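Visitor: For reference, the chains in residue letters:
Protein chains: 2
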Amino acid sequence: MTDQSLLRALDAHYRSMPPVAALGLSIAGYDGRHLRLRAPLAANVNDKGCAFGGSLASLMTLAAWGLVSLRLGEAGLAAEVYVADSQLRYLKPLYADLEAEAELAPDEDWDVFLATFRSRGRARAQLLARVRLPDGAAACTFEGRYVAIAKG
Amino acid sequence: MTDQSLLRALDAHYRSMPPVAALGLSIAGYDGRHLRLRAPLAANVNDKGCAFGGSLASLMTLAAWGLVSLRLGEAGLAAEVYVADSQLRYLKPLYADLEAEAELAPDEDWDVFLATFRSRGRARAQLLARVRLPDGAAACTFEGRYVAIAKG
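Protein chains in written order, with my numbering: chain A, 1 to 152; chain B, 153 to 304.
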């Protein structure tokens, strides 16, 4: 598949999950290394008028999950992708729409991940994600470990 | 307020947040040390037919947040409660309704937390939460640090 058809498939995949549809999520960009997801504040607001921690957690978890899925899809590999664990830090309240950006952790390598997956039928990757404030500072950060397992 | 009116206020508080209302959450029990929250699988299902990681994260984050809020409310203290950070482990897929139970971490003490809050106008607490499988094994676990800040 081309990147465009993979992105359309990912978007449809996200929207097929009721709790993800409730976030009002959309794909904001993908350049092969970073996946950005957006969600409106109105659907994700807490009692203090800022972004709900659970929505921030969901959006970052989904951005990293989507990036792993896209890299596998681009390589023509069919996999189930699971989040195994995550660490989150909530640094500052966000009073604007949510945009999460995910990327591979700096000490990891997509080629190694894909080669491991091809040879063993499973592979792990450490992903980073963050949501920024309008001024560019981090509102929250995410580190998560994902496992991809070959389908079938 | 009595426990019952505090629980009703907490329930209304949860439901007032659009992303929390979307979870279909309800309070399942409170005994002074543990708060249990439930949410139906149907509203929180992922692409694999099991509970979505983001919903599990939200429910555990909210259960721990609610427990801190209840303990402050019982003590007659008005506070804003924030989650500062969290660590989650997704251990097994859950193909049933979600029930999260939160409690204070074993090396913490509510009396110390409340005394600190009274004297300084802010206090931190480490909370634990988990969601179990129908057989009692853990589906996922949560550790989170919360900050309470006096209102006004």
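Simulated from the structure, these hints should not be mistaken for lab results. Careful, some of the hints might be misleading.
As the list claims (entries may be wrong) - To spell it out: a stretch of chain A is covered by chain B in this simulated footprint if at least three of its residues, at any positions, have a beta carbon under 8 Å from a beta carbon of chain B; those stretches are: (1) 9-17; (2) 20-33; (3) 73-79; (4) 111-118; (5) 123-136.
To be verified - Facing chain A, a subset of chain B residues (Cβ under 7 Å, in silico): (6) Ala174; (7) Gly176; (8) Ala195; (9) Gly205; (10) Gly206; (11) Ser207; (12) Ala209; (13) Thr213; (14) Val235; (15) Ser238; (16) Arg241; (17) Val264.
A quick note: this is a predicted structure, and the numbers were derived from the prediction, not measured. Cβ coordinates follow ideal geometry from the N, Cα and C atoms, glycine included.
Visitor: Please go over all the hints and tell whether each is borne out by the structure.
Guide: Evaluated hints:
1. With 3 residues having a beta carbon nearer than 8 Å to a beta carbon of chain B, the region 9-17 of chain A meets the requirement of three or more and the stated coverage holds.
2. For the region 20-33 of chain A, the assignment as covered by chain B holds, since 3 residues bring a beta-carbon within under 8 Å of that chain's beta-carbons and 3 suffice.
3. Coverage of the region 73-79 of chain A by chain B is violated [criterion: at least 3 residues with CB-CB distance below 8 Å; count 0].
4. Counting residues of the region 111-118 of chain A whose C-beta lies closer than 8 Å to any C-beta of chain B gives 0; at least three are required, and the coverage claim is violated.
5. By the rule of at least three residues with a Cβ nearer than 8 Å to a Cβ of chain B, the coverage given for the region 123-136 of chain A is violated, with 0 such residues.
6. Interface hint status for B/Ala174: upheld, as the beta-carbon distance to the closest one in chain A is roughly 4 Å, under 7 Å.
7. Because the beta carbon of B/Gly176 sits about 9 Å from the nearest beta carbon in chain A, more than 7 Å, this interface hint is broken.
8. Because the beta carbon of B/Ala195 sits about 6 Å from the nearest beta carbon in chain A, less than 7 Å, this interface hint is met.
9. Taken as an interface hint, B/Gly205 checks out: its beta carbon lies about 5 Å from the nearest beta carbon of chain A, inside 7 Å.
10. At a threshold of 7 Å, the smallest CB-CB gap from B/Gly206 to chain A is about 3 Å, leaving the interface hint in force.
11. Here the hint on B/Ser207 is kept, as its CB sits about 5 Å from the closest CB of chain A, short of 7 Å.
12. At its closest, the beta carbon of B/Ala209 sits 4 Å from a beta carbon of chain A; the interface hint therefore holds under the 7 Å criterion.
13. For B/Thr213, the interface hint holds, since its Cβ comes within 7 Å of a Cβ in chain A; the closest pair sits about 5 Å apart.
14. Here the hint on B/Val235 is kept, as its CB sits about 5 Å from the closest CB of chain A, short of 7 Å.
15. Checking B/Ser238 against chain A: minimum C-beta separation of about 5 Å stays under 7 Å; hint holds.
16. Hint on B/Arg241 holds. Least Cβ distance to chain A is approximately 5 Å, under the 7 Å limit.
17. Of the supplied interface hints, the one on B/Val264 is violated, with its beta-carbon coming no nearer than about 23 Å to a beta-carbon of chain A, more than 7 Å.
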